[in-house]
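Participant: Model the full structure from these sequences, guided by the hints.
The listed protein sequences correspond, in order, to chains A and B.
Take the first sequence: its letter number 11 is residue 11 in this note's numbering, and every next letter is one higher.
With positions in the second sequence counted from 1, the corresponding number in this note's numbering is that position plus 1000.
There could be a bad hint or two in this list.
Partial list, computed: chain B residues near chain A (C-beta under 7 Å) [to be verified]:
hint: 1; residue: Y1139
hint: 2; residue: F1298
hint: 3; residue: N1299
Hint data in this document are derived by calculation from the structure and do not stem from the laboratory.
Even for Gly, the Cβ is constructed at its ideal location relative to N, Cα and C.
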Amino acid sequence: MESNIQNRLIAIFKKTFELEELEWDGNLIAEDVDGWDSITHLDLIVNTEEEFKIEISGFDVMGLQNTGDLLSLVERKLTV
Amino acid sequence: MLFNSGIFILFLIIVVILFYVLLHKLRWLLLLVSSYVFYMTWQPAYSILIAFTTVVSYLIGNSIEKNRRKAKLFMRIGVLANILVLFFFKYFNFFNDAIMDLLGLVHVDYSFSGLNILLPVAISFYTFQTLSYILDIYYGKIKPCNHLGKFALYISFFPQLVAGPIERSSNLLPQLEKKIKLIPDNIFLGAKRIIWGLFKKVVIADRLAILIDTAFDNAADQSGIVLVLAIVLFAFQLYCDFSAYSDIAIGSAKLVGITLMENFNLPFVSKNITEFWRRWHISLSTWLRDYLYTPIMFNHKKWGKKAIIYSLFVTFFLCGLWHGPKWTYVVFGVLQAIALTIELLLAKQRKKWAARIPNWLYSNISIGLTFLFMLLCFMFFRADNLTHSITILSGIFDFGGINNVVDYLHQFGLSRVIITLGILIVFVLMDSKLSLISKAIEHKKWHLPLYSFLAFCLLVFGNWGNVAFVYFQF
Chain A
1 MESNIQNRLI AIFKKTFELE ELEWDGNLIA EDVDGWDSIT HLDLIVNTEE
51 EFKIEISGFD VMGLQNTGDL LSLVERKLTV
Chain B
1001 MLFNSGIFIL FLIIVVILFY VLLHKLRWLL LLVSSYVFYM TWQPAYSILI
1051 AFTTVVSYLI GNSIEKNRRK AKLFMRIGVL ANILVLFFFK YFNFFNDAIM
1101 DLLGLVHVDY SFSGLNILLP VAISFYTFQT LSYILDIYYG KIKPCNHLGK
1151 FALYISFFPQ LVAGPIERSS NLLPQLEKKI KLIPDNIFLG AKRIIWGLFK
1201 KVVIADRLAI LIDTAFDNAA DQSGIVLVLA IVLFAFQLYC DFSAYSDIAI
1251 GSAKLVGITL MENFNLPFVS KNITEFWRRW HISLSTWLRD YLYTPIMFNH
1301 KKWGKKAIIY SLFVTFFLCG LWHGPKWTYV VFGVLQAIAL TIELLLAKQR
1351 KKWAARIPNW LYSNISIGLT FLFMLLCFMF FRADNLTHSI TILSGIFDFG
1401 GINNVVDYLH QFGLSRVIIT LGILIVFVLM DSKLSLISKA IEHKKWHLPL
1451 YSFLAFCLLV FGNWGNVAFV YFQF
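Facilitator: Dropping the structure here:
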């Protein structure tokens, strides 16, 4: 179940940032991702919401430091 | 106590010596007392204000953590308390005047002429630090500090108190708790950074100021060429003045083994305004991005691109206003928002243009256009008020005669102008290469001659007229 969420997140990242390949790294931060800007940041969150049918608030986003945090957030939202 | 003064150097030497003599457990107290002493050489009475803000923010931070169910309420109280203090002491008269003008338009007689309030030094900087602390705890990014004294030191730490860099508690607090050993390298690095900062301030910025102030003070009488020259020089004066403060702050902190964040990274090589704000006043722009821009954008994410544009305008309107209660700063901020919006909307188009011409050409055109745009913005930044900006702008298109330019230059003596401009050019070349020089030269034998030369320049060419740093007024 966990790796399923992770795989789906990888797919979202690849789609948002137009990447061919992505190796999952929970410590990945904004600065490390090629093509990260306000638009792709926004798209990432919106795409994640649509994919998992969850609501991510402004407060939720503010707590995200890296990709690992995003994964944890999605897991939390899905178990509620 | 200005950074560019003998008394500050003396103060610094005493504090550093005492720091390494004292036991670790007393060092925070030494630095805290020194920081308040430093602050009180500016405005003794207002040390109560910074103490108040400190205590309130400390208590709020703990309340948020201990009572998560009421976290939002405590956060709002803390943020409101900080903003109200900032608003009252910095912006009250500005908004009062604006209301008066508005009501005047509809012929309502509003005769409250405002309060006689003195702007507390450093308030824009330390308030942003307390706000970042409260918000970081609220968003779960950090745990609150449980030592009021060390927290008070984080807020008042004298190297960065008066004009930044605006430090996050996650960077500065842990360092203030660590046991610091006396490492000679820290002393050398700190001293070098301070000398470099003083050189920029006293030899470059303050010499340029003489040329620039004369041009702008008589803007109506100057030819366009002189005004354009003054604006270009002002860009460098502002950069040298402000980055010098950061250098001296970073160097001073380094002397006691503390690493502050970098605030500037060769801003004038920026190829666009987006990049410019990653290279200019980095501690402010990252603060605005993290605590204003990002939350606003995501609270309106359903708007898509419009959320980003809306957030840009709110953030940069406030960025402009942060610099002071003047309409010229608001114009400065709004101009930034407009440029950033255009860059956002044309992002794909610019990539296409870039693909069509050689890299070097695209880069240089980008750097040139960005610099020109910033010159316009800096003009507003420097102007006394909107009327003055219009005088300068219209003056630029009056090319006058070459005689006017010659008269202007003769005021200062040709040799003095040449020396000032010469030093500026040398500086521009050195600034970009200095880190490369330092890294490439493995044997530190070159550092002593280089920094001795800079110190020599300080003594011979420096304008030690005790000119205050531009950013102290913020």
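Participant: All hints are to be evaluated individually against the structure, with a verdict given for each.
Facilitator: The hints, checked one at a time:
Interface hint status for B/Y1139: upheld, as the beta-carbon distance to the closest one in chain A is roughly 4 Å, under 7 Å. Interface hint at B/F1298: satisfied, since its Cβ lies 4 Å from the closest Cβ of chain A, which is below the 7 Å cut-off. For B/N1299, the interface hint holds, the least distance from its beta-carbon to any beta-carbon of chain A being 4 Å, beneath 7 Å.
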